[in-house]
Structure formats: structure tokens, C-alpha cells
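Student: Sequence:
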Amino acid sequence: MHQKRIRTRRRVESVLVGGTPLRQRMIEVMRARDLSPSTQELYVQAVRKMVEACGRRSPDAIPIEEARQYVAGLKEKGVSVTLRGCARSALRLLYEQVLGQVWRPVSPLRRRMMEDMELRGFARKTQLSYVRSVERLTRYFGRSPDTLSDEDIRRYFVHLTSERKLARATVTIALCGIKFLYESTLRRDFSATGVSRPKRHQTLRS
Numbered sequence: 001m002h003q004k005r006i007r008t009r010r011r012v013e014s015v016l017v018g019g020t021p022l023r024q025r026m027i028e029v030m031r032a033r034d035l036s037p038s039t040q041e042l043y044v045q046a047v048r049k050m051v052e053a054c055g056r057r058s059p060d061a062i063p064i065e066e067a068r069q070y071v072a073g074l075k076e077k078g079v080s081v082t083l084r085g086c087a088r089s090a091l092r093l094l095y096e097q098v099l100g101q102v103w104r105p106v107s108p109l110r111r112r113m114m115e116d117m118e119l120r121g122f123a124r125k126t127q128l129s130y131v132r133s134v135e136r137l138t139r140y141f142g143r144s145p146d147t148l149s150d151e152d153i154r155r156y157f158v159h160l161t162s163e164r165k166l167a168r169a170t171v172t173i174a175l176c177g178i179k180f181l182y183e184s185t186l187r188r189d190f191s192a193t194g195v196s197r198p199k200r201h202q203t204l205r206s
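1 is the number of the first residue of the sequence shown in the working numbering; add one for each residue after it.
Derived by calculation from the structure, the hints in this document are not laboratory data. Backbone N, C-alpha and C fix where the C-beta goes; we use that ideal spot for every residue, glycine too. Careful: at least some of the hints might be erroneous.
Calculated cross-link-like contacts (lysine-lysine; reagent style DSSO-like; alpha-carbon spacing at most 27 Å) [as the list claims (entries may be wrong)]: (1) K125 with K179; (2) K165 with K125; (3) K77 with K49; (4) K179 with K165; (5) K49 with K75.
Cβ pair distances, simulated, as ranges [stated by the list, open to error]: (6) G100 with T170: 28 to 34 Å; (7) V102 with Q24: 32 to 38 Å; (8) E96 with F122: 19 to 25 Å; (9) S191 with R57: 48 to 54 Å; (10) R57 with S144: 16 to 22 Å; (11) R57 with F122: 38 to 44 Å; (12) F141 with A169: 22 to 28 Å; (13) Q24 with L186: 27 to 33 Å; (14) T170 with L109: 33 to 39 Å; (15) D150 with K77: 21 to 27 Å; (16) V102 with V79: 33 to 39 Å; (17) D152 with P63: 19 to 25 Å.
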């Protein structure tokens, strides 16, 4: 297993196209974020494919808008949802964490939510988890969360629990993030949605 990890790490270091400082910086960032070697390799390959599609220019010579257009065009090429998501995550990490650019402008609502979490002293990990929960809600409906009705929110959690059958812990994290947005940032009564924290399954003792 140890030798396999070493081989994977060497592949990661040899795949990324670009200047040595940029390559090394991306690898350092991924390691600091504790990404698995397999994820690192997927991210590196995603960057390499973008570089090839953009005339083999170094990533720091590819404007961020061009990179976003590249990701958007993957759907038309029939690339799977999973690989598109991987490409988006890899390029976002590259541009934000390595090149210091904003991959996607932060909306006023998201900025306000992040400020509210900062004021309450939430850990960085918790903040990211809550933001991701709201992002998934936004993608599901295709519009801003502040335009959703109580029934929309209820329907979303029915989707998570009954259709996708996600684990209790996963649904609870989504609930905490979305509930924080509506109660603390939007000042709405979340209880009107009828959504409550999933209960633990109890087993009968003999």
C-alpha cells in the first residue's frame, strides 16, 4: 500500500503541465488540504486536459473566464457529471488557492451568510460545510435560496431522505447549513417548512 501511494504521488508530480513553481504550489496545496493521492491525480489530470484544450498554455496564462467556459463546454462534449464536477473542483482549487483569483464572484447573500458565521465564531470547516449545503440547494432548484418557498425547502429534504436516501448524518449537516441561512441570515421562520432534524434509528434490545 505504501509503495502504491508513492507511485501515485510521483504520477501526480509528473502529470501537471506548467512551470515548476506552479506545479509544486498546486501539489503543496492539495497535500495541505489532505486530499487523497487518487484525488490529487484526478485534479492534476483535469488541469492538464484544460491546458491541452487551451493551446497548451500554462494555467497562469489562461484567463479565469476562459477556464470557466472550458468547464461549461464539457457538458456539450458528453463528459459525465462526475468528471465535470471533478474538473470544476480542480480548476477552482487551482485558480483560488494557487493563483489567488476568485473562481466565481461571491453573491451578496453568500457574503452575508459567511459574515454571520464569522460573527458566531464558527470553525472554518463548519463554514465550508454550511456553504456547500446551501450551494447544493441552489443547484437543485436553479435559483437563489431567498426566492424559495417553505414548500420548496420541504420538497428538497424529501428528495434527500426519500429519493436519494442519504445517511442521517449527511441530511443533518444539510439541515444545519440551510437552517442557519434562513434563520440567521434571511431572518425567516424555518419551522414553517415542517423540516426537523432526522431522528436516530433505535434498535430493540432482546
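Student: Do the Cβ positions of F141 and A169 conform to the proposed distance bound of 22 to 28 Å?
Tutor: Given range 22 to 28 Å: holds, Cβ gap about 23 Å.
Student: Just to be careful, I want the Cα atoms of K179 and K165 compared with a cutoff of 27 Å; is the pair within it?
Tutor: The hint holds at about 20 Å.
Student: Please test the hint of 33 to 39 Å on the beta carbon pair from T170 and L109.
Tutor: Cβ of T170 to Cβ of L109: about 23 Å, so the range 33 to 39 Å is violated.
Student: Holds or violated: K165 and K125, Cα atoms, limit 27 Å.
Tutor: 24 Å, holds
Student: Falls inside 28 to 34 Å, the C-beta gap from G100 to T170?
Tutor: For T170 against G100, whose Cβ atoms are near 32 Å apart, the range 28 to 34 Å holds.
Student: Is the hinted pair K77 and K49 satisfied, with a Cα-Cα distance of at most 27 Å?
Tutor: 13 Å, holds
Student: Taking the CB of E96 and the CB of F122, does the distance hold inside 19 to 25 Å?
Tutor: Given a distance of about 20 Å, which is inside 19 to 25 Å, the answer is holds.
Student: Determine whether the Cβ-Cβ distance between S191 and R57 falls within the hinted range of 48 to 54 Å.
Tutor: 53 Å, holds
Student: Taking the Cβ atom of V102 and the Cβ atom of V79, is their distance within the range 33 to 39 Å?
Tutor: Because 24 Å falls outside the window, the suggested range is violated.
Student: Has the given pair, K49 with K75, been kept, meaning a C-alpha gap of at most 27 Å?
Tutor: 15 Å, holds
Student: Kindly confirm whether 19 to 25 Å is satisfied by the beta carbon distance between D152 and P63.
Tutor: 36 Å, violated
Student: For a C-alpha distance cap of 27 Å, please report whether K125 and K179 respect it.
Tutor: 17 Å, holds
The structure fails to meet hints 7, 10, 13, 14, 15, 16 and 17 from the earlier list, while all remaining hints are met.
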